[in-house]
Amino acid sequence: MSQKRLAAVVAALLVLSGCLASAPDSPAPKAGAQAREAGHFADPSVFTVGFDRIQEVYLVKEDFGTLALDGLNGLSKLDDTLSVRRDGGRVQLIRTGHVVGDFDSPAADASYDWGTLVASTLDSASLASPKIAAAGSEAAYQAVYDALLADLDPYSRYANPDRARDDRAQRDGYTGVGIALSQDDKGRPVIGDVFPDTPAARANLLKGSLIVAVDGVSVDDAKVDEIADLMRGPVGTKVDLTVREPKGSSRTATMTREKVIENMVRSEVRDGVIIVKLLRYNTTAAAAVRNAVTGLLRGLNGRARGVILDLRGNPGGLLDQSVALADMFMDHGQIVSTRGRNPDSDQSFTARNGDISGHLPLAVLVDGHSASAAEITAAALQDADRAILVGSTSFGKGSVQTVTRLPNDGELFLTWSRIYAPSGYTWHRQGILPTVCTSGSGTDAKAMIAAFRAGQLPSLGDAMAERFRAPDDEAALRRVRAACPWQVHDAGLDVDVAIGLISDPTLYAQALGSQDRGTVAIHAQ
Numbered sequence: 001m002s003q004k005r006l007a008a009v010v011a012a013l014l015v016l017s018g019c020l021a022s023a024p025d026s027p028a029p030k031a032g033a034q035a036r037e038a039g040h041f042a043d044p045s046v047f048t049v050g051f052d053r054i055q056e057v058y059l060v061k062e063d064f065g066t067l068a069l070d071g072l073n074g075l076s077k078l079d080d081t082l083s084v085r086r087d088g089g090r091v092q093l094i095r096t097g098h099v100v101g102d103f104d105s106p107a108a109d110a111s112y113d114w115g116t117l118v119a120s121t122l123d124s125a126s127l128a129s130p131k132i133a134a135a136g137s138e139a140a141y142q143a144v145y146d147a148l149l150a151d152l153d154p155y156s157r158y159a160n161p162d163r164a165r166d167d168r169a170q171r172d173g174y175t176g177v178g179i180a181l182s183q184d185d186k187g188r189p190v191i192g193d194v195f196p197d198t199p200a201a202r203a204n205l206l207k208g209s210l211i212v213a214v215d216g217v218s219v220d221d222a223k224v225d226e227i228a229d230l231m232r233g234p235v236g237t238k239v240d241l242t243v244r245e246p247k248g249s250s251r252t253a254t255m256t257r258e259k260v261i262e263n264m265v266r267s268e269v270r271d272g273v274i275i276v277k278l279l280r281y282n283t284t285a286a287a288a289v290r291n292a293v294t295g296l297l298r299g300l301n302g303r304a305r306g307v308i309l310d311l312r313g314n315p316g317g318l319l320d321q322s323v324a325l326a327d328m329f330m331d332h333g334q335i336v337s338t339r340g341r342n343p344d345s346d347q348s349f350t351a352r353n354g355d356i357s358g359h360l361p362l363a364v365l366v367d368g369h370s371a372s373a374a375e376i377t378a379a380a381l382q383d384a385d386r387a388i389l390v391g392s393t394s395f396g397k398g399s400v401q402t403v404t405r406l407p408n409d410g411e412l413f414l415t416w417s418r419i420y421a422p423s424g425y426t427w428h429r430q431g432i433l434p435t436v437c438t439s440g441s442g443t444d445a446k447a448m449i450a451a452f453r454a455g456q457l458p459s460l461g462d463a464m465a466e467r468f469r470a471p472d473d474e475a476a477l478r479r480v481r482a483a484c485p486w487q488v489h490d491a492g493l494d495v496d497v498a499i500g501l502i503s504d505p506t507l508y509a510q511a512l513g514s515q516d517r518g519t520v521a522i523h524a525q
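The opening position of the sequence shown corresponds to residue 1 in UniProt numbering, with each subsequent residue numbered one higher.
No lab work stands behind these hints: they were computed from the structure.
Careful, some of the hints might be misleading.
[Said to hold, decoys possible] Listed next, with one range per pair, are the computed distances between beta-carbon atoms:
1) N204 - A475: 56 to 62 Å
2) D80 - A110: 43 to 49 Å
3) G233 - E474: 49 to 55 Å
4) G192 - A139: 27 to 33 Å
5) K446 - G233: 50 to 56 Å
6) D153 - R251: 48 to 54 Å
7) Q487 - G173: 31 to 37 Å
8) Q487 - A139: 36 to 42 Å
9) D240 - D197: 19 to 25 Å
10) E474 - A108: 27 to 33 Å
11) D63 - T254: 55 to 61 Å
12) R266 - G173: 16 to 22 Å
In this text, a Cβ means the ideal position worked out from N, Cα and C, and glycines have one as well.
Kindly generate the complete structure, drawing on both the sequences and the hints.
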């Protein structure tokens, strides 16, 4: 599929995923129901759905016999007396040297049959091993999936139902009142943050307040996760939260639960430059950035000198949001393309919506923790010569994951495509080189900018030229990664350098021009 409009972007995620799927034709049954009815320890559908999905979407074709055996040998983490072997056309479960399970070996590509075999082997393991039986089916699922997914790539993973619920809340929002829970220095539950425009904010709850009770029930001995569960509930229902405020007064706030999606944007204006920091790409990321930028532009009433988009520390998130954010500052041109084994993974996205800033100078801040979705936005704006990148080489996560919701409400994340910048390289493993590298000994932004103006900075063009070889050439990869490695330094340095560059039209044009020749490294002179 090519040249997809943003409105048609379907579910794919970087780091997290919005592509939820179960069985091909109908919702998968709830895990446990099928197993309990048959008196089994494991629900086969947890593995048949997962294995079928690996066969359908994973980046490369896999041997399911190898995956299944490696996964089942992961049970040794729960009971080290267990092992699994393939003997001719048989798969055998061994405990303390004795065969305690014996099964026909399916064909290598028979994903459904191998999924069924894994569940049957777990049933036998639970009967033969008290440790497996005591650990429970969910622990067994985790052990098997962890072991078999280790054969794939670092970003394919299994999330158990509890972790999956938290992941879904982070990317899609959750039903609650809009507070983040934390603990004070005595280990007591407190309000760590109050999100704007939420029931908690409208109830004037204060950060740092001690949580005393939920719906009249004391939470003195409750864990933070348990309190979070109490705060959640159906949209429109009420919850009473009793707190002791920082100044010592106690009160009970009655709030109506609603869908809460955390605002991941922080914004300010400094020296006429709009600075917008995006923490993560959740479902409202692009809209939140748009609102922040357009609101500050109105407030400056034509006096804005430029925009800084701070993506440092941003681990990524939703693919469609990264594309939408790049599109926000581009009039035309390609944003990103993806390619994989499944035909549906071949996608190309182009800019269509126009530049909301009116073509103001734009700088994007990146560091070694800027990953996946953040890298899509940064690479698109750099390749289009729409922005300069300031900071250090980014993380280097150039792959897309889909997520399948399994019958037990866990989730299976699978890598299904590689990501390619408009210029054609993939930043997988190597990261994205900034236009201006602030990594190194420099600490004085004015000295750095003066050196840049004088043309005294060494070019890193050789490293940039090796971007096409680096993903598959270890020597080239090492040279690219060494060109501008992330180093801890004052966070204000990157901002000050970016402000200095975009506030001076000549310097900004010089920096944009350097992107055709290679990154420049800034150090104090």
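Hint by hint, here is what the structure shows:
1. N204 - A475: 56 to 62 Å: The hint (56 to 62 Å, Cβ to Cβ) holds, given that N204 and A475 are roughly 60 Å apart.
2. D80 - A110: 43 to 49 Å: Given a distance of about 30 Å, which is not inside 43 to 49 Å, the answer is violated.
3. G233 - E474: 49 to 55 Å: 52 Å, holds
4. G192 - A139: 27 to 33 Å: Since G192 and A139 have Cβ atoms about 30 Å apart, the given range 27 to 33 Å holds.
5. K446 - G233: 50 to 56 Å: 54 Å, holds
6. D153 - R251: 48 to 54 Å: The hint (48 to 54 Å, Cβ to Cβ) holds, given that D153 and R251 are roughly 51 Å apart.
7. Q487 - G173: 31 to 37 Å: 36 Å, holds
8. Q487 - A139: 36 to 42 Å: 40 Å, holds
9. D240 - D197: 19 to 25 Å: 21 Å, holds
10. E474 - A108: 27 to 33 Å: 30 Å, holds
11. D63 - T254: 55 to 61 Å: Since the Cβ atoms of D63 and T254 sit about 58 Å apart, the hinted range of 55 to 61 Å holds.
12. R266 - G173: 16 to 22 Å: The hinted range 16 to 22 Å holds for R266 and G173, with Cβ atoms some 19 Å apart.
This entry does not satisfy hint 2, going by the numbered hints stated previously; all others are met.
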